[in-house]
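Enquirer: Sequence order for the protein chains is A and B.
For the first sequence, this note's numbering assigns the number 1 to the initial residue and increments by one for each residue that follows.
For the second sequence, this note's numbering assigns the number 499 to the initial residue and increments by one for each residue that follows.
Heads up, none of these hints are tricks.
If we take Cβ atoms under 7 Å as the criterion, some of the chain A residues that face chain B in the derived model are:
1) Asn276
2) Glu408
3) Val410
4) Phe456
5) Asn461
6) Val492
Within a straight-line C-alpha distance of at most 25 Å, the following computed DSS-like cross-link-like pairs (lysine-lysine) qualify:
7) A:Lys147 / A:Lys185
8) B:Lys601 / B:Lys509
9) B:Lys543 / A:Lys423
10) B:Lys505 / A:Lys491
11) A:Lys474 / A:Lys399
12) B:Lys505 / B:Lys562
13) A:Lys491 / A:Lys464
14) B:Lys562 / B:Lys601
15) A:Lys464 / B:Lys543
16) A:Lys491 / B:Lys509
17) B:Lys530 / B:Lys601
18) A:Lys428 / A:Lys399
If you're looking for bench data, these hints aren't it; they were derived computationally from the structure.
Cβ atoms here follow ideal geometry from the backbone N, Cα and C, with glycine treated the same way.
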Amino acid sequence: MPTNGCRANCFRRDLAIKFSDGLTACAHGHFENVLESSFRGGRSHGLVRSHSAAHTPAELDDQNMAQNKSQVIGRGVGCVGFLFLSFMCGLLSLIMYSIVIEPMLLLRESKTWSATPCVIQEASVEEHTIKDNNNNNGRGNRNRDSKGYSPKVRFEYVVNEQEYSSDRFWFDQTLFNTREEAQAKIQPFAVDGESVCYVNPKNANEAVLVRQGQMTSNIVIGSFFGIFVLFTGVGSLASLWFLIRPKPQASASPSQAVRSSRNIVSTGSTAALNGNVRYDHNSDVCPIESDAPDEPLVLKQEYSRTAVAIGGWFFAVVWNGFIWGFLYLVLQKDGPWLALIIVGLFALIGLAIFWYAISKTLQIWNPVTTVICSQRNLYPGSEFEVSWLHQGNTAAIKKLTITLESDESVTYRQGTSTRTETKRLYEKVIVESTEQAEISQGFTLVEIPPDSMHTFLANRNKIKWQIRVRGTIKFWPDIDDTYEITVYPPKVAEQVHA
Amino acid sequence: MLRIEIKNSTKAFQPGSLIQGKVYWEQPNTPKEIVATLFWHTEGKGDEDTEIVVEQRWTPNSEKGSESFEWEVPRGPISKVGSLIHIYWAIEVATTKPAETAKLDLVVSHLGRPIHTNSL
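When you get a sec, could you build the whole thing from the sequences and use the hints?
Expert: The following block contains the structure:
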């Protein structure tokens with residue numbers, strides 16, 4: 001099991017128990033940066049300094065100031081991030097426009113330009129050296145710079161009795177791998193020969209000899225720049241949101257200060273002081289029902305169908321933008337077979353992701369499901385009713401299956417990556433029907449097993465309950481919606497201390 | 499020496515019930531402070547989560563003595579043993595100057611035992 005690396009021979013490695021002199025016993029891994037000298041010197045159980053809960057008004061004030069300071073620093077970082085990302089987004093957008101979008105727009109616009117006689121002054125092939133910095137190790141023993149070739153022309157034409165000259169062969173930025181390929185393009189244009197160029201009627205200085213182009217380089221470069229523009233744009237917006245979001249109130253009570261200071265539990269915690277006893281409970285980790293009267297609850301999906309589809313498309317575009325760009329480069333450069341196979345496999349995965357996005361998009365038009373739970377407060381052993389209603393083309397649903405499920409998921413670090421693993425703890429089919437009337441709407445009685453675990457939502461360890469609705473539809477993506485429910489820890493009323 | 503004793507030697511507690519006990523110490527010097535905590539923590543495949551739910555501290559005035567505590571056990575999380583996540587409860591007592599710790603494992607469950615969850 002992953003450990004947090006306490007360096008002491010203590011029972012609990014990651015609990016910060018603060019003494020009045022600032023020492024703590026067995027601090028959590030979060031505090032490791034302050035685990036220092038006090039740890040030594042014969043303290044067999046590892047006394048360490050740490051930031052732990054405050055207990056006096058002065059300490060609370062200090063913590064409020066520290067919290068405010070960290071907010072100011074956070075906003076400063078957010079501001080710098082916003083400016084930097086906005087600048088990068090703007091710069092990349094400009095570059096993308098000038099070298100990718102503008103030529104493509106010009107190519108389209110040139111279809112309306114006037115055909116004008118011209119005389120070819122120069123027609124040759126230009127050689128370009130493409131530096132391969134990765135393979136130039138500075139010792140000069142391996143020079144793998146590659147060469148590209150492009151048509152080079154200069155032609156003169158007359159508009160309104162005024163002479164003009166242009167060296168624009170076409171709008172394409174593609175470099176050919178061989179001189180022969182570029183030569184083939186320039187072949188029809190002999191020096192001193194007459195030809196036809198196309199002149200912009202709004203600006204006679206602008207002319208092009210060939211109104212065609214593969215534009216493949218533009219598309220590939222555009223994809224790369226587009227991805228970076230997307231990332232920096234999203235990052236910029238996220239930074240802006242961080243800056244303008246409602247400011248959290250400064251800690252006004254011991255409980256808030258304690259919550260903010262404790263790395264062990266971060267949110268939703270409430271603390272109460274009772275004499276020299278302090279109670280601290282994090283309602284986010286282990287939800288406790290409110291005092292409000294129990295009543296039916298319309299369940300909501302964590303992510304709507306539209307949100308899932310948008311997420312799917314975002315992922316598909318990013319993944320495929322990269323992978324197909326790489327695939328193009330591998331093909332263009334006659335890369336090794338192994339690279340082609342590996343990138344090809346990733347490209348296939350990209351196609352699958354596209355299919356996923358398409359499927360999730362089509363699901364938006366599926367009949368809309370409404371699920372209602374007869375009571376809000378559920379416990380292990382609770383019996384309750386689940387009602388469902390389908391609106392829309394319910395006749396399309398051939399089979400309805402509703403299940404009650406419980407999953408446990410853990411997050412752990414392995415090397416430099418963070419992994420999440422999920423296992424199903426409980427699954428029971430509560431409805432399975434092919435009857436149209438029952439598919440359209442109905443209700444059923446459900447029981448949560450008495451010896452099952454309640455909802456538990458710690459940072460890295462979670463247990464969740466959900467109701468899953470699946471509707472089979474012919475020749476269309478099926479309905480597959482999940483609705484999370486909260487199962488509270490059992491009440492033991494007679495045992496509760498008043 | 500540092501020792502925790504629970505009333506009736508009970509080690510399994512219902513959520514919401516009272517946990518009563520005593521902390522005993524006997525050390526060469528008078529400890530500067532004694533802190534007792536009730537906490538849960540996770541074990542298993544995932545990185546560890548933990549929370550101190552009750553904390554009580556005393557300032558002793560002798561090398562040897564005892565202090566009582568009486569805490570309300572929270573509703574949850576319930577003690578659990580499973581394929582990916584285990585949830586354990588314990589009381590830990592620590593002294594400073596001299597430094598010493600003692601720990602006592604507990605079960606918090608309405609069933610009187612940890613819930614066993616096995617993946618399907």
